[in-house]
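Just so you know, the protein sequences line up as chains L and Y, in that order.
For the first sequence, my numbering begins at 2 and goes up steadily by one.
For the second sequence, my numbering begins at 75 and goes up steadily by one.
To be clear, the hints were calculated from the coordinates, so they are not data collected in a lab.
Careful: at least some of the hints might be erroneous.
When the alpha-carbon atoms are kept at most 25 angstroms apart in a straight line, the in silico DMTMM-like pairs for lysine to aspartate or glutamate are as follows [what the hints assert, rightly or not]: (1) Lys-49/L with Glu-193/Y; (2) Lys-97/L with Asp-37/L; (3) Lys-97/L with Glu-185/Y; (4) Lys-29/L with Glu-188/Y; (5) Lys-49/L with Asp-225/L; (6) Lys-308/Y with Glu-148/Y; (7) Lys-268/Y with Asp-320/Y; (8) Lys-313/Y with Asp-226/Y; (9) Lys-23/L with Glu-85/L; (10) Lys-247/Y with Glu-339/Y; (11) Lys-49/L with Asp-157/Y; (12) Lys-313/Y with Asp-226/L; (13) Lys-49/L with Asp-37/L; (14) Lys-49/L with Glu-190/Y; (15) Lys-17/L with Glu-188/Y; (16) Lys-116/L with Asp-225/L; (17) Lys-313/Y with Asp-225/L; (18) Lys-49/L with Glu-188/Y; (19) Lys-313/Y with Glu-111/Y; (20) Lys-100/Y with Glu-85/L; (21) Lys-67/L with Glu-188/Y; (22) Lys-17/L with Glu-211/L; (23) Lys-265/Y with Glu-128/Y; (24) Lys-67/L with Asp-226/Y; (25) Lys-67/L with Glu-190/Y; (26) Lys-49/L with Asp-188/L; (27) Lys-97/L with Glu-93/Y; (28) Lys-67/L with Glu-128/Y; (29) Lys-49/L with Glu-185/Y; (30) Lys-313/Y with Glu-213/L; (31) Lys-116/L with Asp-79/Y; (32) Lys-313/Y with Glu-211/L.
What follows is a list of derived Cβ distance ranges for each label pair [as the list claims (entries may be wrong)]: (33) Asp-320/Y with Pro-178/L: 30 to 40 angstroms; (34) Gly-302/Y with Gly-154/L: 41 to 51 angstroms; (35) Arg-220/L with Gly-241/Y: 27 to 37 angstroms; (36) Ser-329/Y with Gly-229/L: 42 to 52 angstroms; (37) Gly-154/L with Ser-329/Y: 54 to 64 angstroms; (38) Ser-85/Y with Ala-133/L: 54 to 64 angstroms; (39) Ser-223/L with Asp-320/Y: 55 to 65 angstroms; (40) Ala-114/Y with Arg-88/L: 42 to 52 angstroms.
Yeah, the Cβ is synthetic: ideal placement off N, Cα and C, and Gly gets one too.
So you can see what is in the structure, the chains are spelled out below.
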Amino acid sequence: MAFPYYVNPEQMTQDKAEFARKGIARGKSLVTLEYDGGILLLAENPFKLSKIGEIYDRIAFAGVGKFSEFDRLRKMGIQWADVEGYRFSRDDVRGKALANLYSQAIGEEFNRSIKPFEVEIVVAEVGDPQFAGHETNALYQVGFDGTIQDQTGFCVIGGSDDAIQGHMESNFRTGLPPGDALRLGRDALQRAENGSPELEPESLEACLLESERGRRKFRRLSADDVRGLLGA
Amino acid sequence: MRFRDGYNGSSFMELLESEYPHLSPKGDRLFAAAVGEVPAVAHGTTVIGLRFAEGAMVAGDRLATMEYRVASREIEKVFATDDYSLMAIAGAAGPAMEMARLLGIQFEHHEKIEGEPLELEGKANTLAHLIKQNLPAAMQGLVVVPIFAGYDRRRQVGRLWRYEVTGGRYEEKEYDSVGSGSLFARESLKKSFKPGANREEALAMVLEALADAADEDRGTGGVDAVRGIYPRVKTCTSKGIEEISDPQVAGVHQSIIDGRRRPVE
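Model the full assembly from the supplied sequences, consistent with the hints where possible.
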């Protein structure tokens with residue numbers, strides 16, 4: 002007589018979570034923080050493959066972990082946002098709705114497939130002073146199992162993030178000018194166990210969501226931009 | 075939102091086709107079932123594109139007509155489809171404006187997905203596909219004939235194209251005009267066009283051509299001095315898109331009119 006196939010759900014969930022955590026821990030961390038003119042997204046990434054990307058007018062995406070997985074998620078987000086904006090209006094594309102969709106897609110993958118996603122992502126939405134009811138920033142963090150958290154001020158994703166988190170908690174304050182925000186983010190990233198203690202502008206991937214910019218508020222900073230801001 | 079087997083390319087139009095066919099603008103689906111005559115719809119009249127020293131300049135009057143009546147006095151016919159390209163529309167205004175909107179989304183979508191914008195040549199071809207898709211609607215009278223112009227950052231020149239309903243696309247080296255008054259605008263530009271003109275000269279040429287078109291063609295709006303409505307003129311150069319202000323357009327237009335005015339006997 003064949004035994005029925007049984008897996009303890011608690012055990013399976015724990016195994017999957019441990020697997021995903023290990024995968025994410027192999028990569029570098031990423032910091033997202035609010036500053037006086039919007040939101041800064043910063044990662045240690047000397048390569049041409051980006052971890053941070055533009056989704057829509059006021060929304061940016063950042064991911065850590067397995068590149069192929071979070072980059073597919075980034076593209077899905079752009080597809081969703083552009084269709085939503087085409088079907089309704091540009092102002093109807095909201096970061097919260099996107100973060101919820103991500104949470105469901107990633108959570109579903111965690112529950113259903115044998116191998117969960119080895120990713121952690123952030124959906125950042127900058128406030129628009131001209132858009133009544135949407136003046137404030139929002140940061141949504143989605144974990145490998147679909148857990149969604151609404152963060153204020155800053156959020157840290159990635160492997161060895163305890164030291165980074167600690168540094169951010171003790172040094173972050175609201176209303177930082179962009180140069181100070183960039184320095185704080187870099188100093189935090191330099192504390193990562195698997196990171197470099199001296200991060201050059203060339204090894205940083207830095208993007209801004211600038212609330213005062215025109216329609217598309219996303220801007221990718223060049224190494225020279227970063228050097229200028231750090232020096233200022 | 076599907077992770078595994080969803081559309082995975084960089085084209086917004088293909089995304090609509092494969093995932094959201096009910097939102098796709100493909101003409102055959104929309105118009106295959108339509109029988110009988112198309113009711114009167116708004117038509118845009120005359121638009122002009124030309125190359126000048128800094129890049130490309132595109133202009134259009136502001137009138138839309140529905141048969142022999144005014145549909146709108148202040149319609150926009152010159153659209154920035156991204157930071158370095160312009161589309162000017164003539165023909166059925168509704169489908170043409172929808173096409174300009176889709177084109178803008180398509181360019182931005184590609185840029186976000188791939189991390190780099192399309193080359194100008196690629197943008198011109200994208201519009202050709204859209205026009206080809208519109209052929210069934212065009213056969214029923216909803217013809218869209220745009221001018222597409224932009225600044226080619228790789229070659230560092232302004233370029234412009236005109237299209238025909240089949241999706242045929244023709245690059246113009248000097249200038250072109252489409253719409254009901256285009257014959258007169260082209261005749262005007264044939265005499266006045268000067269290669270490598272500066273911004274002021276180019277503005278004078280397009281406004282003169284629009285004035286000539288409005289003079290001969292009843293559908294072309296020209297200047298509505300009573301309501302203060304002036305043609306829209308935009309440039310596309312290495313600095314991006316710029317709109318020439320109404321006061322500046324009004325000033326140049328006034329000098330053209332003053333040159334033509336005859337004393338009352």
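Evaluated hints:
{"no.": "1", "hint": "Lys-49/L with Glu-193/Y", "in the structure": "holds (20 angstroms)"}
{"no.": "2", "hint": "Lys-97/L with Asp-37/L", "in the structure": "holds (22 angstroms)"}
{"no.": "3", "hint": "Lys-97/L with Glu-185/Y", "in the structure": "holds (23 angstroms)"}
{"no.": "4", "hint": "Lys-29/L with Glu-188/Y", "in the structure": "holds (23 angstroms)"}
{"no.": "5", "hint": "Lys-49/L with Asp-225/L", "in the structure": "holds (16 angstroms)"}
{"no.": "6", "hint": "Lys-308/Y with Glu-148/Y", "in the structure": "holds (16 angstroms)"}
{"no.": "7", "hint": "Lys-268/Y with Asp-320/Y", "in the structure": "holds (24 angstroms)"}
{"no.": "8", "hint": "Lys-313/Y with Asp-226/Y", "in the structure": "holds (12 angstroms)"}
{"no.": "9", "hint": "Lys-23/L with Glu-85/L", "in the structure": "violated (35 angstroms)"}
{"no.": "10", "hint": "Lys-247/Y with Glu-339/Y", "in the structure": "violated (44 angstroms)"}
{"no.": "11", "hint": "Lys-49/L with Asp-157/Y", "in the structure": "holds (24 angstroms)"}
{"no.": "12", "hint": "Lys-313/Y with Asp-226/L", "in the structure": "holds (19 angstroms)"}
{"no.": "13", "hint": "Lys-49/L with Asp-37/L", "in the structure": "violated (28 angstroms)"}
{"no.": "14", "hint": "Lys-49/L with Glu-190/Y", "in the structure": "holds (12 angstroms)"}
{"no.": "15", "hint": "Lys-17/L with Glu-188/Y", "in the structure": "violated (32 angstroms)"}
{"no.": "16", "hint": "Lys-116/L with Asp-225/L", "in the structure": "violated (40 angstroms)"}
{"no.": "17", "hint": "Lys-313/Y with Asp-225/L", "in the structure": "holds (20 angstroms)"}
{"no.": "18", "hint": "Lys-49/L with Glu-188/Y", "in the structure": "holds (12 angstroms)"}
{"no.": "19", "hint": "Lys-313/Y with Glu-111/Y", "in the structure": "violated (46 angstroms)"}
{"no.": "20", "hint": "Lys-100/Y with Glu-85/L", "in the structure": "holds (19 angstroms)"}
{"no.": "21", "hint": "Lys-67/L with Glu-188/Y", "in the structure": "holds (18 angstroms)"}
{"no.": "22", "hint": "Lys-17/L with Glu-211/L", "in the structure": "violated (38 angstroms)"}
{"no.": "23", "hint": "Lys-265/Y with Glu-128/Y", "in the structure": "holds (21 angstroms)"}
{"no.": "24", "hint": "Lys-67/L with Asp-226/Y", "in the structure": "violated (36 angstroms)"}
{"no.": "25", "hint": "Lys-67/L with Glu-190/Y", "in the structure": "holds (22 angstroms)"}
{"no.": "26", "hint": "Lys-49/L with Asp-188/L", "in the structure": "holds (22 angstroms)"}
{"no.": "27", "hint": "Lys-97/L with Glu-93/Y", "in the structure": "holds (23 angstroms)"}
{"no.": "28", "hint": "Lys-67/L with Glu-128/Y", "in the structure": "violated (45 angstroms)"}
{"no.": "29", "hint": "Lys-49/L with Glu-185/Y", "in the structure": "holds (16 angstroms)"}
{"no.": "30", "hint": "Lys-313/Y with Glu-213/L", "in the structure": "holds (20 angstroms)"}
{"no.": "31", "hint": "Lys-116/L with Asp-79/Y", "in the structure": "holds (17 angstroms)"}
{"no.": "32", "hint": "Lys-313/Y with Glu-211/L", "in the structure": "holds (21 angstroms)"}
{"no.": "33", "hint": "Asp-320/Y with Pro-178/L: 30 to 40 angstroms", "in the structure": "holds (38 angstroms)"}
{"no.": "34", "hint": "Gly-302/Y with Gly-154/L: 41 to 51 angstroms", "in the structure": "holds (49 angstroms)"}
{"no.": "35", "hint": "Arg-220/L with Gly-241/Y: 27 to 37 angstroms", "in the structure": "holds (36 angstroms)"}
{"no.": "36", "hint": "Ser-329/Y with Gly-229/L: 42 to 52 angstroms", "in the structure": "holds (45 angstroms)"}
{"no.": "37", "hint": "Gly-154/L with Ser-329/Y: 54 to 64 angstroms", "in the structure": "holds (58 angstroms)"}
{"no.": "38", "hint": "Ser-85/Y with Ala-133/L: 54 to 64 angstroms", "in the structure": "violated (35 angstroms)"}
{"no.": "39", "hint": "Ser-223/L with Asp-320/Y: 55 to 65 angstroms", "in the structure": "violated (37 angstroms)"}
{"no.": "40", "hint": "Ala-114/Y with Arg-88/L: 42 to 52 angstroms", "in the structure": "violated (28 angstroms)"}
Figure legend: structure checked against the earlier numbered hints; hints not met, in rising order: 9, 10, 13, 15, 16, 19, 22, 24, 28, 38, 39 and 40.
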